[in-house]
Structures are given as C-alpha cells and as structure tokens.
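*Asks:* Here is how the chains run, residue by residue.
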Amino acid sequence: MSIAKRNPNKDQVAFASAATTGFTRSAGEVTQASLALDACVKAIEAAGIDKSEVNGLIGANNGYIQAALGIPEVNYYVGAGVPFGFSIANAVGAVASGQCDVALAYHSIYRNASNSRSASNDPFRARAFASNPNAQALGDGFGPDTVGGAVGYTAWASRYLHEYNESRDLFGYIAVNDRSNAQRNPAAVMRGEPLTMEDYLNTRMIRWPLSMLDMDVPIDGADAFIITTTERARDMKLKPVLIHACTNGQVAQNEEDQTPSLTHHGQHVTVESLRAKSDIWIDDIDVFFPYDGFTFITVSWIENVGWCGLGEARGFIEDNWDKETNRILIKGRIPVNPHGGALSEGGTQGSGHTREAVHQLQGLAGERQVPGATKALLPMGGFFFNAQGSVLRTE
Amino acid sequence: MAATSTEESDAELLERFDNVRLDHINKHLYRGLLHKELRLSRCSDCGWWHHRPKPICPNCWSKNLVATPVAGTGTIHLLILLHQGPPAEGVDYSTPHPVATVELDEQEGLRFTSTVVGADNDDLEIGKRVELDWIERNGKPYPVWRLANDGGGR
Ligand SMILES: [Zn+2]
Chain A
1 MSIAKRNPNK DQVAFASAAT TGFTRSAGEV TQASLALDAC VKAIEAAGID
51 KSEVNGLIGA NNGYIQAALG IPEVNYYVGA GVPFGFSIAN AVGAVASGQC
101 DVALAYHSIY RNASNSRSAS NDPFRARAFA SNPNAQALGD GFGPDTVGGA
151 VGYTAWASRY LHEYNESRDL FGYIAVNDRS NAQRNPAAVM RGEPLTMEDY
201 LNTRMIRWPL SMLDMDVPID GADAFIITTT ERARDMKLKP VLIHACTNGQ
251 VAQNEEDQTP SLTHHGQHVT VESLRAKSDI WIDDIDVFFP YDGFTFITVS
301 WIENVGWCGL GEARGFIEDN WDKETNRILI KGRIPVNPHG GALSEGGTQG
351 SGHTREAVHQ LQGLAGERQV PGATKALLPM GGFFFNAQGS VLRTE
Chain B
396 MAATSTEESD AELLERFDNV RLDHINKHLY RGLLHKELRL SRCSDCGWWH
446 HRPKPICPNC WSKNLVATPV AGTGTIHLLI LLHQGPPAEG VDYSTPHPVA
496 TVELDEQEGL RFTSTVVGAD NDDLEIGKRV ELDWIERNGK PYPVWRLAND
546 GGGR
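Top to bottom, those sequences are chains A and B.
Oh and the first sequence: position 53 is 53 in this note's numbering, straight run, nothing missing.
Adding 395 to a residue's 1-based position in the second sequence gives its number in this note's numbering.
Next up, chain A with everything else stripped away, as it sits in the complex:
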C-alpha cells in the first residue's frame, strides 16, 4: 500500500468563480460545446477578469472552446474526464506547478440517444455520438449478462442489502433528500416535482434493486469555473474558495465484478489519502456533497467518510432527518447536496456539486445558503474507476 499523503499545495490554488447554464431535459437546438461556452462566458464574467487572462483550459474539446471564446493564448489544455474531481486535481497540479496561471475548467452534459428516449428521436443528437468510441457496436459477447459499467453499482447495492440485511427504502431517503433540496434550486431540472418515500417505493424498477429514481437524471446543461492561485484569486471579484486538499482513488481489482468488497474499493483509497492531506474533516464542515450518480453511492460515501460505521447509514440518516423539510440535516445544520445533486438538479458528474460548494462558500447560494458556510467536503465518484474527493474552504 502506498497512499499519497503529501499536500505541498494545500490552500494555494483556489476557485475564483463558478457558473452554470442551469439544467433542463432539453435545451433545444444546442450542442454540447454551445452549452459549455454559455457556462464559460458566465464564469469568466463572474470572476471579473478579461478572457485574455485565461491561459489554461480543462475540459473536453478545448481547442474548439478556445477558438470560440477567442482566448488569445493558452499554455495548458487537457480533457480531464469525469467525475469533475479529475478536473479539480488537474487544476491544482497545473496552477501550482506553473503550467498555467488562470484555468478555465468546464463540464457540459448533453442528453444522448443511449440514455434518453426523447434524445434518440433527435437525429442530430444521434449523429453527435456516432463517432464516440463507447458507442461502438462491438461488445464482449455476453450481452446484458454483465455488471460492467453503471450496472456495477446496482450489483454492489444488492450485495449491501444482503450483507447488512437492509431494504430499498434506505436508498429512498437519498432520493427524497435530493428532491427536497432541488425545490430550492432554480437551476434544478426537478424543481417543481417533489417526491415522497411512497412515490419512491412505487417507481418503476430498472435493474433490481435500483429503480428509475435511484439513477441520476439525463439533462442538458453545463458548469464552468475559474481556478487560479489563491493569491491571484484575492484580486478577482469574488471571495476565493481554496482547494485545501484533493485526491483520487482506485484499487488493483477495479473491474466491477472483481472489486474486492464493500470495505475495499476506490472510496477507501480516496478517504485514506484525503484524510491524510486535509486538516479539515467531517466534524469541521458546514456543507456535504457526497456523489449521487446512484443513491447507493451516497449511502456508501456517508459510511466511508465516517459519519457512521459500515451498514449503519440507516440509523445515521434517520437520526439526522429533518421532518419539516423532508431531508437530511446533519446535526440539524449540515445539508447534504443542497442543490439537489445529480439525482434532482441533474446528472452533472460532479460539476454541479462543485459549483454549489463554491457558491455556498462564497455566500451566493440564494435561498439554499447555509449561513456562514466556510468549509465543504466533496467525496465524489463511485467505487471502480473514478472515486475522488476534495475539501474546499474559505480564508
């Protein structure tokens, strides 16, 4: 075992701004890049800088993005992949090492024909993904008899129910929490559609034990961020949000069906590293952003960051359930994904969580604002290829 524990760039790189297009089931005649551009323009404007100050780009299709924005010169440009924690880690490395000074990081989400029936009726969307290598017709010859990809979370959710003698309504708490929170977020696709536990339990099953409401919502939309040195961020328009620590985590047997156990996967590698790097942990935070691409991932993060022991999420959630607002409020004050998360704001692969964290710490979260919030924990991603985490704070 060789867990990364150094943190020489602690608090030296900061978010200067965060912005979003907001999320809808269909933004109409847009492209993935046009959504990204809308968010990028807002992020640059929110930071109060000229576009010529940007000299790093972190996100997909960055040549096109640079050309469209007319950013004169960049020295660093990379497509970091998802979830968004990869972009945060990339930005810290690039800014701290001098590969760039001011990075524009962005993530755009575009419903495609494979995850949305209505999108499959749009011939331009079908064409947009035709050259995607993931859409190749070649498979492994085992058809649907696999737990690979996103199905892996369903499979390990079944294992969790078995090992801890649990039932599906535990996952329902996560879905209801996120939906309740989304009612206070104008950017959320599910605003105006509240959810009860009864609704959850009656919803169409997709892959037992997970239903339609256990999975994030396909949407159109984008988030963008300006990330720079903490020193330089102080001279920009908004309060800097410092990246105190960030990391990723993956184990050797990372294929979904070969993953060792519920007690040894990417989340555990992430937590061990992040705890070593960070002076801030759960007892210190004001707002909590566990990833929720599937409800079960959130349950796992709640346990793995240490709010409670393994298999004890139910007791923890029920003890910290705020009946008045129908959501989790840890110790009566710490909301969990106050923007509605991937399940109810929209499936942003973590960019939405990051944006909301920045806004909460900048005091810009509107009616969702946690009074005086200064510290946030963002355990992101799942078990297999993309566990990651960040700790953000203000000065």
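No wet-lab data here; the hints were simulated from the structure.
Note that the Cβ used here is the ideal one computed from N, Cα and C, for glycine as well.
Careful, some of the hints might be misleading.
[Stated by the list, open to error] A few chain A residues that don't get close to chain B, going by computed Cβ distances all over 10 Å: (1) N55; (2) N121; (3) F124; (4) P144; (5) R234; (6) K323.
[Claimed, not checked] Covered by chain B, per the in silico footprint, the following chain A stretches (three or more residues, Cβ under 8 Å): (7) 187 to 200; (8) 253 to 262.
Given the coordinates of chain A, assemble chain B with the ligand onto it according to the supplied hints.
*Replies:* Frame of chain A; chain B with the ligand shown alone:
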C-alpha cells in the same frame, strides 16, 4: 493454451465472434466457449487465477498464463434483476432477467458473471451455490449458471 487439432484457428474464431472485441489476450477465453469450457487465465508459475484476461500475471508478472478450465462451481456474490435492457437473443426482461456474479471455488475473489437459468427469480439469492451450465445463444455455446442440486448456501 496449446491449440489442438480440434481448436478453431484465429480466423475461424474472429468469424464466429464477429461482434466481439477479440484480441490476442482474450481470444483463449472465447475459444474455450466453443468447446463448452470456461477457460480463465491462470499463472503456471504461481498458480494465481485472474479474470478478465490480462497479458501478465497480476500477482507475479509471469507471462506463462494458461487459459484453464474452471470446475464451474461457486456461490452467488452479486445478483441483479434486469427489468429492461437492449434486445438480446433468449433474454426476457419481463421475467425479469437475472444476472449473477459468481465467486468461483478456485480462488477467493475470482468471479464470473452470467445469467441464471432454470430457477424462479424468487429462489435466487446471494450466497446460494450454483453450477456452470451451457445453453445455445447466437448459434454458439454460452455459459450460464444453474442453482446447484445441493441448493444450500455456505
Ligand atoms: Zn503468477
């Protein structure tokens, strides 16, 4: 695995599995299927099994890997029921369609995933013992799980 005279050539293999991303490392697994053998990758130097096929032994880095038939007995480790999915021959999502990851008796953590046939979904459960069986899918033998006669967990 040394090809015997009854083993298909690479060209024949590519033709039989024309929709599979075959390569020089995983082809031994697929060749085994045509012979109703589930041949998983095993290191001849240290004895370690792994799946899916890799070019070196993750345990000792030996390249002396042999696609070796497993006994085909194990225990259900992960279990899901698919209520929807892409159309596939012999797959009925209205049942719904079960998919089980089975921990094989050969080695702790060595698992193989397929569907389970011949059982009511109500009888399927993590912890139950299963045995490998073969059905025909897309004109080729296809490995599946069947509840073991002893039925009980362990
Ligand atoms: Zn070996």
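*Asks:* Work down the list of hints and note, for each, if the structure agrees.
*Replies:* Quick rundown of the hints versus the structure:
{"no.": "1", "hint": "N55", "verdict": "holds (40 Å)"}
{"no.": "2", "hint": "N121", "verdict": "holds (18 Å)"}
{"no.": "3", "hint": "F124", "verdict": "holds (23 Å)"}
{"no.": "4", "hint": "P144", "verdict": "violated (4 Å)"}
{"no.": "5", "hint": "R234", "verdict": "holds (48 Å)"}
{"no.": "6", "hint": "K323", "verdict": "holds (32 Å)"}
{"no.": "7", "hint": "187 to 200", "verdict": "violated (count 0)"}
{"no.": "8", "hint": "253 to 262", "verdict": "holds (count 5)"}
The earlier numbered hints that this structure contradicts are 4 and 7.
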